[in-house]
Every structure is written in C-alpha cells, then in structure tokens.
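Residue numbers (numbering that gives the first Met the number 0), protein chains in the order written: chain A, 0 to 236; chain B, 0 to 307; chain C, 0 to 402; chain D, 0 to 283.
Since the hints were derived computationally from the structure, they do not count as laboratory data. Worth double-checking, as some hints may not be accurate.
Which residues of chain C face chain B? A few of them, derived with a C-beta cut under 8 Å, are [claimed, not checked]: (1) 119; (2) 120; (3) 123; (4) 124; (5) 128; (6) 139; (7) 141; (8) 237; (9) 241; (10) 319; (11) 372; (12) 380.
Derived DEER-like restraints, expressed as beta-carbon distance ranges [claimed, not checked]: (13) D:260 to B:215: 38 to 44 Å; (14) C:382 to D:277: 22 to 28 Å; (15) A:11 to C:256: 33 to 39 Å; (16) A:53 to B:51: 19 to 25 Å; (17) B:23 to A:53: 27 to 33 Å; (18) B:160 to D:260: 22 to 28 Å; (19) B:152 to A:53: 29 to 35 Å; (20) D:114 to B:231: 20 to 26 Å; (21) B:251 to C:254: 22 to 28 Å; (22) D:268 to B:250: 54 to 60 Å; (23) B:152 to C:382: 45 to 51 Å; (24) A:25 to C:152: 25 to 31 Å; (25) B:156 to C:305: 34 to 40 Å; (26) B:23 to D:260: 36 to 42 Å.
Cut-off 25 Å, straight-line C-alpha distance, at most; resulting in silico cross-link-like pairs (DMTMM-like, lysine to aspartate or glutamate) [said to hold, decoys possible]: (27) C:391 to D:50; (28) C:80 to D:50; (29) D:82 to C:83.
Beta carbons are placed, not taken as given, at the ideal position from N, Cα and C, and that holds for glycine.
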Amino acid sequence: MKRTVPLIIAGTVGFVLIVSYFIPYTESWGEDAMTWFNILAAIAFVLGAGNLVKMHLKKISDQQAGWGYSAITLAAFFFTLIVGMLKIGVTPSEKYPTNAWAGPYDQAGSAFRWVYDYLFLPLSATMFAMLAFYIASAAFRAFRAKNVEAIALLTTAFIVLLGRTYAGVWLTDWIPEESIGLEADALRLDNVTGTIMNTFNLAGMRAITIGIALGVASTSLKVLLGVDRSYLGSTDD
Amino acid sequence: MKPQTLGWTLLMVVGGAFLIGRAVLTGAGTVYVQDVEIEVEIEDEAEEEAQVVTLQRVEQVPPNARSEPGVRLSYVHTFGLWVAAACTLGIFSFLWGDNPLYKVTEAIFVGSSAAYAMVVAFWSELVQNLCGNLLPDLMRETLIPGLKVEEPNLWYLVPLVMAIMLLWRLMPSGGWISRWPLAFFIGATAGFRMMGYLEADFTQQISNTIMPLIVTGADGSFQFWASLKNMTIVGSVLVCLTYFFFSVEHTGPVGWAARLGIWVLMITFGASFGYTVMGRIALLAGRLEFLFDDWLWLIDPLGRRLDM
Amino acid sequence: MRFHHAALILALILGWNAMAHSQDAPRPPSDVIAVDQPNDVGNTVDVSWSLSPDDRADVSPRLVTRYDVYRRAVGEEEFVKVGDQPPGASTLADSNAVRDTEYLYQVVAVGPDEAESAPAAAAATVVPRMEYFRRDRAWFAVIVFCICSTVVAFIVIARSGRELYIRKIPGLEAVDEAVGRATEMGRDCLFVPGIMDINDIQTVAGINVLSRVSQLTAEFGARLEVPTARSLVMTAARETVEASYYAAGRPDAYNEDDIYYISDEQFGYVAGAMGAMVRERPAACFYMGVFYAESLLLAETGNSIGAIQVAGTAMPAQLPFFVAACDYTLIGEEFFAASAYLSGEASQLGSLRGQDVGKLLVAFLLLVGCSAATIAGLTDSDSAETALTFIKDHVLGDKGFLP
Amino acid sequence: MYTFLRDLDRRWIFLLMGIVATVPILAGWRFPEDPSPMVRDVFHAIEDLPDGSRIFMAYDYDPASQGELHPMALAFTRHCALKGHKLYFFTLWPQGGPLIQQNIRLIERNFPDYEYGEDYVNLGYRSGQEGPIKVIVTDLRKSVAVDVNGTSLSEIPMTRDIRNIQQMDLIVNVSAGYPGTKEWVLYASTPYNIETVAGCTGVSAPYLYPYYPEQLAGILGAIKAAAEYEYTLIEEYPQLKDDPTAQEALRRMGPQLVAHVTLIVLIIVGNTIYFVGRSRGDVT
C-alpha cells in the first residue's frame, strides 16, 4: 500500500501523458493531468513555507546560535504573508470598482508591492550582481592554464570577451575586408566570436543536449516502470 | 586592530556625512507621488441611473515634477527607497566578509521570498483554478467577479485531495501519505519531459545537424569556408558524443576522438564563460545605477531631474 | 422611448454602412478555402484566402484594416464571427469548431470606418474530424519505442547477472579523497544537491552520489551537512543518509538536523548556503545536481575557505565555472554515469548501456543523412535527394510515415 | 611584487571591479554598436509580421536578472507596440508580475492609442514551471480562465476567439533560466511549430544555439544583443533617437567594455603569477 500505490500512480499518469502525445482522443486527459500538476506545484510552495516556519521555530525554541536571525526570518515571512494574503492597500480594479478583493494582489501602491519593490527586488538583484565580483576573483585565481584543455577554455573566453564589446571591433577593424582573394574580415574579433559561437559552441552544446536528452529519457522510463524508486525513500515511513 | 577600527569609524562618519549632505542639499533619496482619481460608472440593473464610483490611486512621478500642483512627498516610498539602498549595501557588505548586517538582510530575504512565492501561487493558481472550478458561485461573489465557470467541476476534487495529502508531510506522523501526490508529480514530470526532450533535443537535433559536408554555390563552385564549417560541426558533434560513450575504454582511435571531444567541450565552455561575464557585469551596472540614480541622484541618464 | 432611440441609431448605422459600402469598402478577398486541420482532436479548421486587391502595404492609410472570418453550421441561419486577422495575413486557424459538424466559412475584408466588403465564401463545406493516431508523429513513435526497448532490454540483461562493462569514470576517486581529507582535518563535509526539486533527474542522480558520500562520512566519522532548497529533496536526502548510517552500523551518529531546508527561492537559498559555508568552514564541498547562477557563488565561497571541491552537473551553462573553480567536475552525462556507477545497481548500468546505443543511433543517422545530403548536393542524384528528404522530413520530421 | 600578488586578498579584486564598473556609469561613457546577423534575425521576426499580429509575450524573468533582461524586454514591447501588434503578456515566474506591469507602463505612456483588452492583455502568472506551457498550447482557458484583473477571457475582445497559443503568430520569450526558453522550445515551438524568438541571459545563450535557426528564429544573448537590438530599432524608427528610455542597454555597454578588459588583464596577471610560481617551484 505504501509503496505499490505510488508506483501505480506514477506509472499511470506518465503513461497517459506519453499516449496523449500520439493519440488526439487522449489529449484532454493529458491537459487535465497537467492542470492538477500545476495545482500541486502551487501547494508545494505552501509545503516549502511550512518547512521553513517549522525549522526556524525550532531554532528559536532551542535557542540555537543565531536564533535572533531566525526570528527576523519569521517576522519577514509573516509580514509578507499577511500583507499579501489580506491584499492590504489594494484598491478595486476599474472593471469591478465595488469589489476590493478583485484587485490584483501585486497592484502598484499596495503593501505587498512595497515589499516587492523595496525588499525583494534590491535583495535578489544585489545577490545576483555579486556574481560580477566573484567572476573577477575567479578570473584572477581559478582560470589557470594548467593543461591543454584549460588553455583552450581560456583562449576562447578571451576572444569572446573581447569580441562581444566594442573593444574587439576597435582592436581589429584594421583588417581589410578582402585580401589575397580571401574574406579576411572573418579574422576580425567580432566575426571570430560569431564563428566560435556558430560552430564549436553549437556542436559542443548539441552533443551535450543529445546526451542529456537520452539521459532524461532513460531515467524517466525507469521511474515510470518502477525500476528507479529513489523518490519513495528507503524506509517505510 | 586599533587602526582598523579607527579606519572603519572614519569611513562610516565620512560616508554618513556624505549621505546627509546629499539628502539635505539636493533632496536625494526622496520619492514624489501624485493622487489620481478615476471615476468609474457601474451599471446597476435595478437602478435607472448609472452609479459613479471614484477610485483613488497613487502614482509615482519623477522628481522634477515635484513643484507641480497635487504632487507631494511620499514618506512611505522615501522610506522604502532608503530600505532598498540599505539592503543593497547590506548584501554587498558580504564581499568584505560575513557580518551582522549581511545576516540580517539574508534573514529578511529568506523569509520574504518564501512568503512571496506562497502568496503569488495562492492567488494565481489556487484561487483561480482550484477554487474557481470547485466553488464558482462563491468565487464570483467574492474574489473573482469576472469568472465564467458555471457549474462546479468535481474533477478538481482530485487535486484538492492530493494537495491535502501532500501537506500531510508537515504532520509529525503518516508522512507516507504524501508519497501518493509525490508519485503523481514525479510520474507526470517523467512523462512529459521524456516526450519533450526526445523530440526537441534528440530527433530535432539530429535533423538540425544533417547538412552537406561539401557545399557548392548556385553556380556549382566549391565553397571552402561553408564546407569547412559544416564538416567541423558534424565532426565536433561526433567526437563529443564519443567522449560521452561509456561502453568502451578510451584507448586507441576512440581515445583520440574522445580527446578531441573534450577540446571541443572546453572551447564550448570558454564561449559560455565569455557570455556569462557579459551578463553578470550588466547586473552590477543595474544595481550601481539604482544607487547613483534613484538614491543618491549623482547621475541622471533618464532626465528625470532636469531643471532641478 | 429607449427602443425608439435604438431604432434610430440602428437605422443611421445601416444607412451609413450602406453608403460606406458604395464608397470606400475594400474589394473582397478571393479563393477562400477551409480544410480540416489534420492530426488534431477535431476542433480546428484551417481557413485561407487570397488577399483583397486593395490590401497593399504601399498605400497609406491602408484600405484594408483587417479580415473578419465567419462561419455557419449547415442548418443554421446566422454567420458567427470566429476571428479576425491583420491586413497582409491570409490564414486563420479556427480552433473553436465542434467535432463532426459541417461548416461553411466566409471571409470579409474590412476597410477604414468599419466598411465591410462583400463576403467571400468558401466553395465547399468542411467537417472537422478527430484522427485516432497522429500520423505526423509516427516515426517519432518508432524512435521512442526503439530507445525505450533498448533501455529495458539492457536492464533485463544486467539484472540477469551478465556483467556489463562500463569504463572507469575519473573523478570518482576524488569523492573518496575529499571525504578522507575532511576527516583528517577534523572538519565537516558539505553536500549541495542542487536547487531543483526531486522530480528532476539530476537531483535524483545527486542523491545517488550523496548516498556514497554519506557512507564514507559514516565510516570515517566526519560530520555531513546537507542544506537543501526543496522540502521534498530534504526528505529524500534524510532517508538516504539515514540508510547509509544504518548500513555502516552507526545510527547514533546520524543527526537529522544536519540535513535541512533553507528556502525555495534561489538566492534566498544561496545566501543561506553561503552563510553556512563561511560559518562552519567545511573541508570538502560537493555540488551534485542542477545549478544555475549559484554555481560560481558556491564554488568561489568554497575556494575562499580552502575546501576541496567536487562538482557534477548536466547544466551546460554552469559547467565552465565548476571546471575552473573546482578540483574535479563530472561533465554532463558523466554525472549520470557516475551516479549509476556508484549505485552499482544492475538496472542503472543497464540503462547507461541503453543510452550508448542511442548515441550509436545518432551517429548512424548523422552519417547516412550527411552522406545523402553531400551526394545530393554534388550530383543531381534523385535517389540521394529522396533519401535525404525521407530522413529529414519523415524519420526526423513530421511529414508522416511514408512519402 | 610576486608574493604580494600571489597572496593578494581577493577583496582588492572586488574593489577594483567596483571601481571599474562605477567610473563608466558616473562618467556616462557610450560606445557605438554594430548589430550582428542574429540580432537582425530577431528584429525581422517581429518587423516582418503584418501589423497587428498576435504576439505571445512570455516574460519569464525576475528582479534578480532585471539588470540584464529588462532593457531587452522593454525593447521587445516597444518594437511590438510600434508595429501595432496585439500583445499577450504571461509569466511562469512568480516574481515576474510587477515586471510585466512595468512593460505595460511603457505602453500606457508612449502609446496612448493602445487599449487594454483590445491591443494588449496581461494573463499574469501560473505555477507549475513548464506545466502551464503544456496546457495552454492546446487549451488556454484550462490554465488561464481570467486575466490579472479577474475578467473572464471570453469577455476580453482580443482573447475571445483564442483557444490556444497555437493561434499566436509569434512567441517572444525573455528568459532568465528555468522555466524559460528551453521549455518553450520543448513543449510549444518544436511540437506545434510555433515561431519563437528568445531573449535570454548571457549564461543561457550559448546552450540555446543548437536550436537556431530551425527551432528558434533568433536569440538575443545578454545586454550586448539588447544594445544592438535597441540600435537597430533606432535605425528603423528614428523618432526614438532622443528618448533615453529607449537606450538603456546601450548605456549599460560602457561599464561592460571596461570590465571585460579588466577581466582579461586579471586572467593574464593570474596566469603570470601561476607560471612564475611554477618556475620557482611554489605550485605543484
């Protein structure tokens, strides 16, 4: 019961989705399965948040190191949750001016939007922007020409870095368009970059893509046939 | 340690003085808003005359409009802007090293982002698709007045039950119940991914790679560069696939092919690296523009503070 | 009173419309054709027409502002509008048809001020039908079947006890070595199973590697920390690690709280994981699963605390950073192979062999296809041309089973 | 010198990077652009459609990647509006909603003739990662019954006759990762032959190249391509020449150039130290 039913469910729904790809009659079955899937995906956010709350409450009640930060996390969580769920500051939309609940939850001027604009946006954007610094330090310390492979990687990176800014154009625009009967401008850095992207990068990525597609197919098959059941865990509960 | 503390204190004092100076002298970091009233007519079937409802909206305006009538300083948004700037600097402070300010911003980030995703999923998916189909009349009267679903669709009880089973995981015992919806989730993913990947990433990729190895122009002349390009593409795909071949040892000709394959892969990664750098710098530029333009008013690329 | 007004307005509109007709209504489109869309559920009719002679891009303002498409079920009186298209467009797919109903279609060109041309009707009626099998995907079905059956066949062979050779994957020793080093130094190991959910196969592969790492930490007595971005991954990781500690006979050393959930949000998670790294200072870091931008953040932070780092991912975009910043990286499919190798399960090794057969199929199709394309380009050979179109349009395309 | 550089605290590099990005922004440096063939392909995919075509704007990005993708998204929106296309905004990212609203603000400010429901509509966010693509590609209403304002799609003129997104003339996808361009290619454009163009982050552009040109009509990779796109747009529509909001990506290329050169210098210096160290026997 605890293991067989899940295997049957996984196999059936997967099979329906595969069949609906080939048989138009079953197309709507596939749509229904996907609609339910999307609802479950939304519930997964609640599950995630539930876990977060559980974990931080435990940290606070155990007075673990840094529990003060857990308290801040929970405060931020509940503040965002409450202003969002209650649609605080949302005014009715023009279409339904008498129903305040019909306004969009992320309306400009609402409290939830304030959290988005002034907390969420700067925090996530800055987090991402930090990568610029880390790339610089990685360039200095990690990108070493240790062997032939590394040299290939570095040289390509060099060319692409230059070729994708005006520096590449500026450095090599002295190369004539045509010389000794050949299209010499292919040697300009911006064109070399284009060639690398359209030839080597395309081929390398294509091989990786094909390999991964095969990997996805065989793993999916194993899941549907119940051969791979790691998602069920190894214990009974 | 002492000189360092002194250095920090000095930096803080100078920085603080600069900020206060900017704020007092130029008004940097202030946000201005305008109240807008929208009149909407609602047609009431019972009434002869259409009723008029006035909706209040607050709109942000660029600072150079601050002396216009109806425009006022917004304390909420100004406070928000300074909070945003503090958050930005708080995260950047991690570059120096772990510190309490970073930990506070990190905690706020984790908490608000979890709640954010939950709120958005609740309103857009659970209310509209789940409740909208199970309780259409109630939803029409309360949350979604424009809903067109007439009859409750009882099929949606299935995802509802599965949702409850999934949430059962938060309970102290009986966690195995959540395996049923989990199995549904995983089975569905496996099913549609298998088809999607095999079509777009397998057959289509083979089809995209089939090309003439020797290219001739319209007049029948031999095209050297185009031929070389095609040969390189087809050859590179084949040697890279050899590298990912696990059933034979990489020795002899196979070993050579695999070695060529790893070189092509490295060139690919080099190109990837170059492209990624480009993106990351743009992100930093975006943040710096926020600090210099919106907050400190040092630059004005969009002309929002001309004539001030 | 109201009725009176309405009638007056209607009369005005009609009269004005009639006037417009006579003056600046565009000429109608022609050659309207309505056909049932093949290989569908039977809800779509493809309507096409030749543009009105007045529909010209070089005249401004345009004399045709849009085309309205109408349809009427045979037996009904009124034509119903089913859609419109901008000028210059000459096709419309009406996807709101009802299966097995006979329809008549007509198209009207609309000019400025809503002046309508005379309707152009399709010569024949059309009945949308549902097909039982998507013939355009017939060859694709064959390919899917081939790949699936090879994988299944090799799994069966492997389970029957036949040894399947899989080449040694370099970098697996790196895992053992890293855990050993961490134990020597008396510091922790950190395992990041990526940021995607358990339904991603890379996460599953990562959990397989985790099972190996946790076996080692259980044997050596090192502490293992696993921050996760998804609650479901956390549960799976807990179960895997617990099983390893039981198998190693050290259930007492297993601490559930070392495997914890941070946040579903990408950067919220990274912020938490990076924080954990600088505070706990693990000596060995493993990154196995799906990674996005966080790859470099994690790898650089690991670098700065001097940890040995081993990574594995099939995310092409993130591989350069792992390759550059980590001590060892499992690239793309190598990562899946490593996970199969580590699990040691016959079925895993069998499916790996099945994938290799898939790669042979790719090589075969490429060689045949490229040869045909080359010959077709060099000579005017009809058979090479036929072979090429057969492979590209039928076997790999959507033109049906046979030409 | 060697030991100083070898043991250099990485915070100095961070500082250098900060300065390098700051100076061009404060100084407002700009550089000319030369649109690449790929960018022209994307431009023509939108430009060559008949005016008033239906375009599905799948804007799958969030504030984290705003610096890189927002200029591109705005350029797409502006271009489509200049052509008078009908726009259907949709996002698979929970944080994408307010960014769509900013694109809509652009329309409201610059194209007063554009009317909500007639010329553009905001379908909002749906959860399930690639799940919603699978549904809307055959049945839009099963996933999106109402727009963001709670109005039923059957009451909105431009969605009344739309059953699924196969009826779109083009999908314009701006993507910051997963779910994004790859998923649109896998579940919509390849199986149902819907023409698609993509604008994506620098990190994902290289792995989308295998789809070009058969499965994707064009790819804009990162801010550089966005700048070239803006440049092409200004060439074609000279009225944008004096509009600073139409040149956000062009502006961002200043720090880009200086930072790229700095990175190259850093790699060279790093490797010099490495080789000097190796010759001295410092590195194994």
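Results of checking the hints against the structure:
1. Among the interface hints, the one on residue 119 of chain C is violated; its C-beta lies about 33 Å from the nearest C-beta in chain B, farther than the 8 Å criterion.
2. For residue 120 of chain C, the interface hint is violated, since its Cβ never comes within 8 Å of a Cβ in chain B; the closest pair sits about 32 Å apart.
3. Hint status for residue 123 of chain C relative to chain B: violated, with the closest Cβ pair at about 34 Å, above 8 Å.
4. Checking residue 124 of chain C against chain B: minimum C-beta separation of about 30 Å lies over 8 Å; hint violated.
5. Violation of the interface hint for residue 128 of chain C is found here, the shortest Cβ-Cβ separation to chain B being roughly 24 Å, above the 8 Å cut-off.
6. Contact between residue 139 of chain C and chain B, as hinted, is supported at the beta carbon level, the nearest pair being about 6 Å apart and thus within 8 Å.
7. At a threshold of 8 Å, the smallest CB-CB gap from residue 141 of chain C to chain B is about 10 Å, leaving the interface hint violated.
8. Below 8 Å, beta-carbon pairs count as interface contacts, and residue 237 of chain C has none with chain B, the closest being about 11 Å; its hint is therefore violated.
9. Interface hint at residue 241 of chain C: violated, since its Cβ lies 13 Å from the closest Cβ of chain B, which is beyond the 8 Å cut-off.
10. Proximity of residue 319 of chain C to chain B holds as hinted, the smallest CB-CB distance being about 4 Å (cut-off 8 Å).
11. The beta carbon of residue 372 of chain C comes within 4 Å of a beta carbon in chain B, closer than 8 Å, and the hint placing it at the interface holds.
12. For residue 380 of chain C, the interface hint is violated, since its Cβ never comes within 8 Å of a Cβ in chain B; the closest pair sits about 12 Å apart.
13. A C-beta distance of roughly 42 Å is found between residue 260 of chain D and residue 215 of chain B, which places it inside the suggested range of 38 to 44 Å.
14. For the pair residue 382 of chain C and residue 277 of chain D, the supplied restraint of 22 to 28 Å is violated, since their beta-carbon distance comes to about 60 Å.
15. A hinted range of 33 to 39 Å holds for the C-beta pair residue 11 of chain A and residue 256 of chain C, which are about 37 Å apart.
16. The hint said 19 to 25 Å for the Cβ distance between residue 53 of chain A and residue 51 of chain B, and at roughly 50 Å that hint is violated.
17. The given range of 27 to 33 Å is broken by residue 23 of chain B and residue 53 of chain A, whose C-beta atoms sit roughly 47 Å from each other.
18. Distance hint for residue 160 of chain B and residue 260 of chain D: a CB-CB separation of about 60 Å, inconsistent with the stated range 22 to 28 Å.
19. At about 33 Å, the beta-carbon gap between residue 152 of chain B and residue 53 of chain A stays in the expected band of 29 to 35 Å.
20. The given range of 20 to 26 Å is broken by residue 114 of chain D and residue 231 of chain B, whose C-beta atoms sit roughly 52 Å from each other.
21. Our hint of 22 to 28 Å for residue 251 of chain B and residue 254 of chain C is violated, since their Cβ atoms are close to 50 Å apart.
22. At roughly 39 Å, the beta carbons of residue 268 of chain D and residue 250 of chain B sit outside the given window of 54 to 60 Å.
23. The supplied range of 45 to 51 Å is broken by residue 152 of chain B and residue 382 of chain C, whose beta-carbon atoms lie about 56 Å from each other.
24. Between residue 25 of chain A and residue 152 of chain C the C-beta distance comes to about 27 Å, which sits within the given range of 25 to 31 Å.
25. The beta-carbon spacing between residue 156 of chain B and residue 305 of chain C, approximately 55 Å, falls outside the hinted interval of 34 to 40 Å.
26. Between residue 23 of chain B and residue 260 of chain D the beta carbons are some 38 Å apart, a value that agrees with the proposed interval 36 to 42 Å.
27. Distance restraint check for residue 391 of chain C and residue 50 of chain D: the Cα-Cα separation of roughly 33 Å exceeds the 25 Å cut-off, and the hinted pair is therefore not satisfied.
28. Among the hinted pairs, residue 80 of chain C with residue 50 of chain D is consistent with the structure: their alpha-carbon atoms are about 21 Å apart, no more than 25 Å.
29. Taking the CA atoms of residue 82 of chain D and residue 83 of chain C, the gap is about 17 Å. The hint holds against a cut of 25 Å.
Checked against the numbered hints given earlier, the structure breaks hints 1, 2, 3, 4, 5, 7, 8, 9, 12, 14, 16, 17, 18, 20, 21, 22, 23, 25, 27 and satisfies all the rest.
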